[in-house]
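Protein chains in written order, with our numbering: chain A, 1026 to 1137; chain B, 2 to 159; chain C, 12 to 87; chain D, -2 to 506.
Take the hints with a grain of salt, since some may be wrong.
Unchecked claim - Cβ pair distances, simulated, as ranges:
| no. | chain 1 | residue 1 | chain 2 | residue 2 | range |
| --- | --- | --- | --- | --- | --- |
| 1 | B | Ala20 | D | Ile44 | 30 to 40 Å |
| 2 | D | Ser461 | B | Pro22 | 54 to 64 Å |
| 3 | A | Ile1032 | D | Tyr45 | 43 to 53 Å |
Unchecked claim - According to the in silico footprint, chain C covers these stretches of chain A (three or more CB under 8 Å from chain C):
| no. | region |
| --- | --- |
| 4 | 1060 to 1066 |
| 5 | 1095 to 1103 |
| 6 | 1109 to 1116 |
Calculated directly from the structure, the hints in this document are not laboratory data. Even for Gly, the Cβ is constructed at its ideal location relative to N, Cα and C.
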Amino acid sequence: MISLPFIAVIILVSMALFAIIFKRNLIKIVMAVHIMGSGVNLFLISLGYTEGGIAPIFTNAPGMQMVLPTPQALVLTSIVINIAVVALMLSFAIAIYARYGTFDTTKVRLKG
Amino acid sequence: MKRDNEASGIVKNVACILAIPITVFGLYVILHGHLTPGGGFVGGAVMATLIALFLVSFRKDMIKGGMKKSFSLSETLGLLAFISLAFLGISATFFHNFLANTDLFFGTIVPFGSNPGYLGTGGTAPLMNIAIGLEVFSGLSLIVLLMAYYKPGGEGND
Amino acid sequence: MLLAAVLFVHPLGKPPRTEMDDYFILNGQAQTGCNNIVTSVVFDYRGMDTFGEATILFAAVAGIFMVLGEKNEKGQ
Amino acid sequence: MMEHAPALAIAIPLFAAFAVSLIGKIGKRIRNMWVILSLILTELLVIYLNYEILTNGIHTYALGAALPSLISPGGFPVRIILEIDAVNALVSFIVISITLAAVVYCWRFMQAISKDREHIDRFYSLLLLFTAGMIGMSFTGDFFTLFVFLELTSVSSAALVSFFRDGESFEAAFKYMIISAIGALFLLLGIGILYSQYGLLNMAAIAKEIMLHMSFLDKVSLSLIVSAILLKIGPVPLHMWKVDIYQKLPAPLVAVCITSSLVGIYVLSRILFSVFFVMGSLSGWIIIILGVLSIFVGVTMSLLQKNLKRMMAYAAIAEIGYVMLGIGTGLAAASKDFGFIALSGGILHTLNDALNMGLLFLITGAIFYATKKTDIRDLGGLAHRSASLSALFIIGMLAVSGLPPFNGFVSKLMIYESVFCLNPLLAVVGILGSILMLAIFAKVFVSVFLGTPYRRKFKKMPASMMAVMWIIALFILFLGMFPEMAINNLVTPAADALINHEAYMGGVI
């Protein structure tokens, strides 16, 4: 059975890439970056899953197989990095909106 | 008494009532970071929702500049606490967990395997959790505050 | 097209090489004293990542201050 | 105490960055002193590291282990390991010295820009975070920490771009942020694929695994990671955002931003040489083509520019093209001897290029400080007002276009020699590029410095800014006059540190 989460990852990341390239509204681009971030995080998490494992916490844990801890640590960090990036880009978008009064990238003079 | 975009009385009261469970839950998640799932980040984010809630309900009288000063101060304090914890471990290496398993402040020995989880076991981990929780809490609330009170200023000084 | 390769990574439940993670699970508790192995990895084994990430949050907040902060020219 | 040097070199700028906003409340002078003090301390640490590397080889440091050298308890590296050999010692030395020069330069430069104390507080803390990110990026031996520090550099540089708070700088910062965010996410995807294969995150340990058998998935993750880092360095097809960034950043910061591209090139060569052990194959040629493209486009585009900073930006892209050309040939022809010369030429050129472009951007900053204008048309005849500025510009101009008495010549010559053996056409493009570069700067020199004396407001340059520029100019002259000193005890060990793959892995396992 092709593992389902990986298909979800492909859909998420390709959708986000499409939105970043073709969409004109600034806010949509910021949302697309966020979606891509969560897609990549989903990929990282689904790497660490072992069949029927439980969370690697020993506080009165039943003695079963444990899921891998390292991807969870990586994802915890990369989620907060995504928050920081998206918050910064949103504030840029707000400032651009205040300056130009529009979110549309064509009117905002994005010089090459 | 009620201006147009002012939240109604009910929202304000509910916000006040909700404040207590949010902070208690946030603190719980931060303090028990090394026992139960969640840690500094999650707890800090939970408590930041409190600020967002207050922002929505008490819109106008939140504009005191002091709020931002105190938060930016607490943010740097949280980070300084975190880096000093890392520095303290310098005896061995930069990030060494010097408190673990040494029966000091947080260091009781942990028996292997599943155990009911004693609070004072994590070594530097609980202290780092608290520092990170403080930093994330004040950082996120600062972001929300800044975005809420942005008055587009004049032309930048080029 | 690169993304398609993600499919061939490995079947969901059976990661091929897990020595590092087994190391964490086996003596995570002994070395760091935390029951929650994920926290021990985040704070003790890979502390620099969390440290770097806390500074990223600090940098983002400082950046937003620069972008959205109001201009007080009195320079107190 | 000194064996903690690598970790301290990252921790001190970070610690200083957090404390800047507190100390700023006390007073401006103390805050500036604090920033400069912390950078000098880091510089000493990095110099000590360079010295130690030259004496006793690779220095590894496990973060958080009981003792610094306890690297792989279970037979494989578990913690984050900082691995420093000749190459990243040299790169971090360039980063720190250019940042120190920029900060000393900024002392007076900032007072002219904006009075808002808090705004400048944040400027300094972000600058310190930017430096710490770059040093961290060059020191780590671990993929995920590389991702974290890469992200830190892009977040702090995007925030710094929006220093001037006018519409265009937000735009440039927004574009820059999108590109670095996408690049970092691709890097994360590549790391995920590698982790799924080997369950390890440490570069050297993965290198050992890949040595045995290079599977299809490794090629996929290689392409993902290389494309992510190329996005960050910005050769020609991807260089749009760089030009806007250089135009919008305050002048001294552009010199620091150039070093961030150089660190990116170091990371690229580290991955290609030491981790994926890709010798003499397709990837070498990709870098060469990108390098040649960026030389050609960079030089031609900068001929057309009117704005002083945009012109310098295109020249900077051309310079980075040279470095990529050198390292690309080093990669493509690693087995043959001239591959080694090309590689050391490329590395020496990173040093020279950082100095030359740094000097030239500081000069544009000085012009901006004096006249508040960056457009060439309405500048003119500055030579009358400040002879030293024009003398500095001449030195910078000759050094960048690689004329004999200056350091540019040495590294470009090495690159030409070796590239010529590989494929004569490339060398021709290289030489053509540097001739055109001379033409650009001559045009700038005539229009900006000569001509009718400049009458409008011309604020006298403070001594500190001039002193910094003169120090860099002397350093360029020194490197030009006695290149062997720099070459045989800085560059050649760096080049062979990249080449011999086993030494890098030996450090860990």
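Next on the checklist: When I compare C-beta atoms, does the region 1109 to 1116 of chain A have three or more residues closer than 8 Å to chain C?
Outcome noted: holds (count 5)
Checklist entry - Okay, Ser461 (chain D) versus Pro22 (chain B) on CB: inside 54 to 64 Å? => result Holds: the Cβ-Cβ distance is about 56 Å, inside 54 to 64 Å.
Checklist entry - Does the Cβ-Cβ separation between Ile1032 (chain A) and Tyr45 (chain D) fall within 43 to 53 Å? => result Since Ile1032 (chain A) and Tyr45 (chain D) have Cβ atoms about 52 Å apart, the given range 43 to 53 Å holds.
Next on the checklist: For the hint 30 to 40 Å, verify it against the beta carbon of Ala20 (chain B) and that of Ile44 (chain D).
Outcome noted: 53 Å, violated
Item to check | Per-stretch coverage check for the region 1095 to 1103 of chain A, three Cβ contacts closer than 8 Å to chain C | outcome: Check passed, 6 qualifying residues.
Next on the checklist: Using C-beta distances, would you say chain C covers the region 1060 to 1066 of chain A, given that this needs three or more residues below 8 Å?
Outcome noted: violated (count 0)
Hints 1 and 4 from the earlier list are contradicted by this structure; the remaining hints agree with it.
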